[in-house]
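Each protein sequence line maps, in turn, to chains D and U.
With the working numbering applied, the first sequence has no gaps in its numbers, which climb one by one up to 581 at the end.
With the working numbering applied, the second sequence has no gaps in its numbers, which climb one by one up to 1162 at the end.
Worth flagging that the hints you see were computed from the coordinates, not collected in a lab.
Note that the structure is a prediction, hence the values are computed from the model and not measured.
One should not assume that every hint holds.
To be verified - Result set (DSSO-like, lysine-lysine): computed pairs, CA atoms no more than 30 Å apart in a straight line:
#, chain 1, residue 1, chain 2, residue 2
1, D, K514, U, K809
2, D, K195, U, K713
3, D, K85, D, K189
4, U, K594, U, K666
5, D, K189, U, K770
6, D, K197, U, K713
7, U, K713, D, K186
8, U, K898, D, K132
9, D, K315, U, K713
10, U, K644, U, K618
11, D, K132, U, K871
12, U, K713, D, K317
13, U, K778, D, K186
14, D, K189, U, K776
15, D, K63, U, K666
16, U, K767, D, K132
17, D, K63, U, K874
18, D, K228, U, K1134
19, U, K871, D, K553
20, U, K776, D, K197
21, U, K770, D, K197
22, U, K713, D, K293
23, U, K872, D, K296
24, U, K1134, D, K508
25, U, K874, D, K186
26, U, K877, D, K230
27, D, K132, U, K896
28, D, K290, U, K713
29, U, K896, D, K186
30, D, K315, D, K290
31, D, K230, U, K767
32, D, K195, U, K776
33, D, K293, U, K644
34, D, K189, U, K767
35, U, K809, D, K291
36, D, K228, D, K246
37, D, K553, U, K1089
38, D, K132, U, K877
Residues per chain are reported as follows:
2 protein chains.
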Amino acid sequence: MYIEKINSPTDIKALDIEQLNTLAEEIRNGLMNRLSKRGGHFGPNFGFVEATIALHYVFDSPKDKFVFDVSHQCYTHKMLTGRKKSFFSDMHFSDISGYTNPEESEHDFFNVGHTSTSISLACGLAKGRDLKGESGNVVAIIGDGSLSGGEALEGLDFAPELASNFIILVNDNDMSIAENHGGLYKDLKALRDSKGKCECNLFKAMGLDYFYVADGNNIAELISVFRKVKDIDHPTVVHINTLKGKGFEPAETHKEEWHWHMPFDPITGNDISTYGGENYGDMTCDFLLKKMKSDKNVVAIVAAVPTNIGFTQEKRKAAGEQFIDVGIAEEHAVAMASGIAKAGGKPVFATHSSFFQRTYDQISQDLCINNNSATLLVNTASVYGMHDITHLGIYDIPMMSNIPNLVYLAPTNCEEYFAMLDWSIEQNMYPVAVRIPCNGVIHTDKPVNSDFSELNRYNITQQGSEIAIIALGDFYQIGEELANLISDRTGNPPTLINPRYITGIDTKVLEQLKSSHSTVITLEDGILDGGFGEKISRFYGPSDMMVYNYGLKKEFLDRYTVEDVLRHNHLTPEQIYNDIF
Amino acid sequence: MYIEKINSPTDIKALDIEQLNTLAEEIRNGLMNRLSKRGGHFGPNFGFVEATIALHYVFDSPKDKFVFDVSHQCYTHKMLTGRKKSFFSDMHFSDISGYTNPEESEHDFFNVGHTSTSISLACGLAKGRDLKGESGNVVAIIGDGSLSGGEALEGLDFAPELASNFIILVNDNDMSIAENHGGLYKDLKALRDSKGKCECNLFKAMGLDYFYVADGNNIAELISVFRKVKDIDHPTVVHINTLKGKGFEPAETHKEEWHWHMPFDPITGNDISTYGGENYGDMTCDFLLKKMKSDKNVVAIVAAVPTNIGFTQEKRKAAGEQFIDVGIAEEHAVAMASGIAKAGGKPVFATHSSFFQRTYDQISQDLCINNNSATLLVNTASVYGMHDITHLGIYDIPMMSNIPNLVYLAPTNCEEYFAMLDWSIEQNMYPVAVRIPCNGVIHTDKPVNSDFSELNRYNITQQGSEIAIIALGDFYQIGEELANLISDRTGNPPTLINPRYITGIDTKVLEQLKSSHSTVITLEDGILDGGFGEKISRFYGPSDMMVYNYGLKKEFLDRYTVEDVLRHNHLTPEQIYNDIF
Chain D
1 MYIEKINSPT DIKALDIEQL NTLAEEIRNG LMNRLSKRGG HFGPNFGFVE ATIALHYVFD
61 SPKDKFVFDV SHQCYTHKML TGRKKSFFSD MHFSDISGYT NPEESEHDFF NVGHTSTSIS
121 LACGLAKGRD LKGESGNVVA IIGDGSLSGG EALEGLDFAP ELASNFIILV NDNDMSIAEN
181 HGGLYKDLKA LRDSKGKCEC NLFKAMGLDY FYVADGNNIA ELISVFRKVK DIDHPTVVHI
241 NTLKGKGFEP AETHKEEWHW HMPFDPITGN DISTYGGENY GDMTCDFLLK KMKSDKNVVA
301 IVAAVPTNIG FTQEKRKAAG EQFIDVGIAE EHAVAMASGI AKAGGKPVFA THSSFFQRTY
361 DQISQDLCIN NNSATLLVNT ASVYGMHDIT HLGIYDIPMM SNIPNLVYLA PTNCEEYFAM
421 LDWSIEQNMY PVAVRIPCNG VIHTDKPVNS DFSELNRYNI TQQGSEIAII ALGDFYQIGE
481 ELANLISDRT GNPPTLINPR YITGIDTKVL EQLKSSHSTV ITLEDGILDG GFGEKISRFY
541 GPSDMMVYNY GLKKEFLDRY TVEDVLRHNH LTPEQIYNDI F
Chain U
582 MYIEKINSPT DIKALDIEQL NTLAEEIRNG LMNRLSKRGG HFGPNFGFVE ATIALHYVFD
642 SPKDKFVFDV SHQCYTHKML TGRKKSFFSD MHFSDISGYT NPEESEHDFF NVGHTSTSIS
702 LACGLAKGRD LKGESGNVVA IIGDGSLSGG EALEGLDFAP ELASNFIILV NDNDMSIAEN
762 HGGLYKDLKA LRDSKGKCEC NLFKAMGLDY FYVADGNNIA ELISVFRKVK DIDHPTVVHI
822 NTLKGKGFEP AETHKEEWHW HMPFDPITGN DISTYGGENY GDMTCDFLLK KMKSDKNVVA
882 IVAAVPTNIG FTQEKRKAAG EQFIDVGIAE EHAVAMASGI AKAGGKPVFA THSSFFQRTY
942 DQISQDLCIN NNSATLLVNT ASVYGMHDIT HLGIYDIPMM SNIPNLVYLA PTNCEEYFAM
1002 LDWSIEQNMY PVAVRIPCNG VIHTDKPVNS DFSELNRYNI TQQGSEIAII ALGDFYQIGE
1062 ELANLISDRT GNPPTLINPR YITGIDTKVL EQLKSSHSTV ITLEDGILDG GFGEKISRFY
1122 GPSDMMVYNY GLKKEFLDRY TVEDVLRHNH LTPEQIYNDI F
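Make a model of the complete structure from these sequences and hints.
What follows is the structure, given as structure tokens:
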């Protein structure tokens, strides 16, 4: 096997085209070994094997620098830069992350996981090179799906201002995570159809030079064009047409399902594990579809991750004009939601907590200053959510809850979540965000409130004395356990409170607690800095009340286990009990 | 005068072209009256008089809806929609804001002040119209400068997905606030040069239909094209070429200086008031230019507001390749700064606090996860900063200081500011943000620290007992006054602390205070929610320390006087004294 002898990119430079093609097969075997057992980004990696080989064949990494967008297509790059055992040896799967990572290799320049960042980051490397009078190529590698993001478009527009070497490799597989949305994709199609000859060319309109490769999975073709642009003295685009998921029939056919895939049988492609039972994605989608049927003003909006709230192809079709996928364009999504609400529609925009970070200004300026009644559904907003450093959902409370006018709600169970969502859609007084629960689908048989229009009213779910536990959202169940523990051990039941509102405090309830309580414990599923508990601490600052805020430390976590993080932050009921008593 | 008889847009529909041209002159007189006495956005409004008249002549506002980008060009629109006395009658200047404002008129749909939002907001109005089965035109009005912003480009890309009426009026005056930067401006020039005929067309590449008007200050030409696109059944761009500042020679000649202008003599254009003395813009620029001379790795980055740190045309020229204006593209600016730092450069990106809101995700993902040592200079971050609801600088502490890895510094005087800036540029350990002081240039003759690498170390500037005042940044001087007041009245001097670091607390100092202090007062120039003081409250939560957090209420302020806001938030030393004693 050629791959056995490849420990750094220089080792592939001696191979001929036939040998490189064999190497591509070997690499796909390594990808298959890891992905079938571990899961991961299937389609992006299977489609980009040949291009990665050709890049390393022509350019000289790390002097020549590759910046991968999202970096979910970097597996072949990792194999060719000293990390192959994490694909071929199951014991070493955990040695690497699923994204580029400078701590792993000098061939990686950034920790990247969000889309649309590569061009700007790479512009920085190029400008730094020029300031220092150094040489070398800088190559940004970006998929067609990522091009619709504001940061990528800003970068594309700025790039020609660099009067020096800069290469943008556009990996066009005619897919985002789902299908693409946006006018620029018509131009990409026209460019593919005309083999790059179409006069109306987005990249040229942005001021860039342009090269086209019709078969982006053909190593010889790629090498030929990469040689042409190597050491070029001005910014250029190389537009290549690849096949997403190439080399595995199920992935070539069902591109959306195989963008990211759970572990599977490498022969049939069937899932190994079956995940049954209820999940909030499907339930949210069904809830919204039902609302849409009875009210044509309800519209669901997603930004390239439709299944994050259960909108499979079939259900997107069922929703028709009442479903919008804006593509990777979260800024546009929030501003458009504000406009829809202003026009009397009932928009619900859902994405992951980590991706809401891309819309801070739109939430503030376009939505909240105008006080339009759009609904934001914040998914995987939890320590129980995604565990990669670039996808953490533990920062949205400080980010969003301190924006004026926004009402941010934290449900503690399934029934409360849908009551909040329903109320938010139907009201026209406030911009509202709701955290989708992330600690499993927990039901209650107790009645839940259905009206949240009187803001910042806490629910006292258990009246006790001495100690009050204010347990927000997903951490309500920890609060319940803690309450029971205190009750059992001291014989004195504490008060338990479901605060429901993240964006304001119930001063009446908090004031009342002073008369029969000496200690308040807050619990929140997110970092403490700038969060919910600190507002309670501020309230009680000039009083005798002892206040303990529990939540997560402000830090970037990476590939953690939830249990470790909870223990490290003293978040088990036992630990909290021992802290207090 | 025709303007006398115009109380709503319908009143102009009976006028002929000659009368409309006379109306344009009258409107310019009204603009001149207000702008020469009050100051405001001169160039954008003088250039857009004819287009606004033609819009209201052809379309039927408010059934047809205009969404103005930035909305700094909406003065003529305000005159034609019932608000003319705020231009012709000095007593009524304060009746209106400088931006569109739904509280003023049914012809305004959004409070807008940031750039690049109009297309997305208007897409929402169009989608809402379609969901409800209503009719009417929706027109987004956007300048060429705003087109480079990510949100605008996302909107431009998404717009063709609307299969219904939607008009994007591109008001191209070949200027941003300063000159434009970015590749797309070459295409705009090619389109202007070819009278819209150039094959490579950014708007068509984005999937949009396209019309061109060569003289965007010619009412007849504009009316003719607007009539063509009125009630069009699909999204289209109307690209018009206008003259910024048209009708006033100084503004036509010196477009950058006249984008926004202070009060002036309407004959000569000379400033009425002279603002002398030191200012942080000029001082920062001179400091950076000096650094650049001795170190070619230092590079200043701005996003279309170069003079916010003093980079006038002359000084931009002096900086040469070590100055970058990315245009309106803050996301790109922060990501590129991260890349430059990674490559060993020393980037300093400066913009206003309110505009940093557009880069939350880039600060988090591109910069802080990668821990690259770029410097962010946060300007007008203060209650003393800009006073319009869309430009407030009182939210950056909760927004930025809760992002892991960032070191956010708050200087208390001029010497400390430049020490922090110098340290930040020279160190390579952390991403650092510095709040530029906004309470005047205050000097100290005491020595200031020059090394900030040991994080979160507070400076005890006066050792006292019983009460400790922790006074952050611009509010340090309020802390000093308060300390003197307490000292004078009680005979017992309090401790005064300059915390310097916003992003972390000095647990050692705070722990020590417990032994000889019973009360801690925090002061911060920003909203309290999610801010600095709450972290101190959290620290002391499980203790006997009484903690009082002083700062601003979480709310959107608009056109306020600083004194009122300070008093309303109990921020005078006298008020604080009375609260505590």
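Now for the hints, and whether the structure bears them out:
In summary, the hint linking K514 (chain D) to K809 (chain U) is not supported, as the alpha carbons are separated by about 69 Å, beyond the 30 Å threshold. Of the supplied pair hints, the one linking K195 (chain D) and K713 (chain U) is violated, its CA atoms being roughly 42 Å apart against a limit of 30 Å. The hinted pair formed by K85 (chain D) and K189 (chain D) fails the criterion: a straight-line CA distance of about 38 Å is larger than 30 Å. Between the alpha carbons of K594 (chain U) and K666 (chain U) the distance comes to roughly 20 Å, so the proposed pair stays at or under 30 Å and holds.
A distance of roughly 26 Å separates the Cα atoms of K189 (chain D) and K770 (chain U); the hinted pair therefore holds under the 30 Å criterion. The suggested pairing of K197 (chain D) with K713 (chain U) is violated, with an alpha-carbon distance near 42 Å, which exceeds 30 Å. At most 30 Å may separate the alpha-carbon atoms for a hinted pair to count; K713 (chain U) and K186 (chain D) meet this at roughly 28 Å. For the hint pairing K898 (chain U) with K132 (chain D), the CA-to-CA distance comes to about 20 Å; that is within 30 Å, so the pair holds.
A hinted pair counts as satisfied when its Cα atoms are at most 30 Å apart, and K315 (chain D) with K713 (chain U) qualifies at roughly 22 Å. Taking the CA atoms of K644 (chain U) and K618 (chain U), the gap is near 34 Å; set against the 30 Å cutoff, the hint is violated. Taking the CA atoms of K132 (chain D) and K871 (chain U), the gap is about 18 Å. The hint holds against a cut of 30 Å. For the hint linking K713 (chain U) to K317 (chain D), the alpha-carbon distance of about 20 Å falls within 30 Å, and the restraint holds.
With a CA separation close to 20 Å, the supplied pair K778 (chain U) and K186 (chain D) stays within the 30 Å bound. Of the pairs offered as hints, the one joining K189 (chain D) and K776 (chain U) holds, with about 27 Å between alpha carbons and a cut-off of 30 Å not exceeded. Restraint check: the Cα-Cα separation between K63 (chain D) and K666 (chain U) comes to about 65 Å, which exceeds 30 Å; the hinted pair is violated. Annotation: proposed proximity of K767 (chain U) to K132 (chain D) holds, straight-line Cα distance about 28 Å (limit 30 Å).
For the hint linking K63 (chain D) to K874 (chain U), the alpha-carbon distance of about 28 Å falls within 30 Å, and the restraint holds. Between K228 (chain D) and K1134 (chain U) the alpha-carbon distance is near 59 Å, which puts this suggested pair outside the 30 Å criterion. Pair hint K871 (chain U) plus K553 (chain D) does not hold up; C-alpha atoms about 40 Å apart against a cutoff of 30 Å. Taking the CA atoms of K776 (chain U) and K197 (chain D), the gap is near 23 Å; set against the 30 Å cutoff, the hint holds.
Proximity of K770 (chain U) to K197 (chain D) is assessed by CA-CA distance (about 22 Å); at most 30 Å being required, the pair is judged to hold. Among the hinted pairs, K713 (chain U) with K293 (chain D) is consistent with the structure: their alpha-carbon atoms are about 14 Å apart, no more than 30 Å. At roughly 61 Å between alpha-carbon atoms, K872 (chain U) and K296 (chain D) are farther apart than 30 Å, so this suggested pair is violated. In summary, the hint linking K1134 (chain U) to K508 (chain D) is supported, as the alpha carbons are separated by about 18 Å, within the 30 Å threshold.
With a C-alpha separation of about 48 Å, the suggested pairing of K874 (chain U) with K186 (chain D) is violated against the 30 Å cut-off. Only pairs whose Cα atoms come within 30 Å are accepted, and K877 (chain U) paired with K230 (chain D) is accepted, the gap being roughly 26 Å. A C-alpha spacing of about 22 Å is found between K132 (chain D) and K896 (chain U), which places the hinted pair at or below 30 Å, so the restraint holds. For the suggested pair K290 (chain D) and K713 (chain U), the alpha carbons sit about 18 Å apart, so the restraint of at most 30 Å is met.
Taken as a hint, the K896 (chain U) and K186 (chain D) pair is broken in the structure, with Cα atoms around 43 Å apart against an allowance of 30 Å. Distance check on the hinted pair: K315 (chain D) and K290 (chain D) sit about 11 Å apart at the alpha-carbon level, within 30 Å; holds. Restraint check for K230 (chain D) and K767 (chain U): the C-alpha separation of about 25 Å stays at or below 30 Å, so the hint holds. At roughly 28 Å between alpha-carbon atoms, K195 (chain D) and K776 (chain U) fall within 30 Å of each other, so this suggested pair holds.
A hinted pair counts as satisfied when its Cα atoms are at most 30 Å apart, and K293 (chain D) with K644 (chain U) qualifies at roughly 28 Å. Only pairs whose Cα atoms come within 30 Å are accepted, and K189 (chain D) paired with K767 (chain U) is accepted, the gap being roughly 24 Å. Distance restraint check for K809 (chain U) and K291 (chain D): the Cα-Cα separation of roughly 39 Å exceeds the 30 Å cut-off, and the hinted pair is therefore not satisfied. About 26 Å separates the Cα atoms of K228 (chain D) and K246 (chain D), which keeps this hinted pair within 30 Å; it holds.
With a C-alpha separation of about 18 Å, the suggested pair K553 (chain D) and K1089 (chain U) falls inside the 30 Å cut-off, and the hint holds. With a C-alpha separation of about 7 Å, the suggested pair K132 (chain D) and K877 (chain U) falls inside the 30 Å cut-off, and the hint holds.
Checked against the numbered hints above, the structure breaks hints 1, 2, 3, 6, 10, 15, 18, 19, 23, 25, 29, 35 and satisfies the rest.
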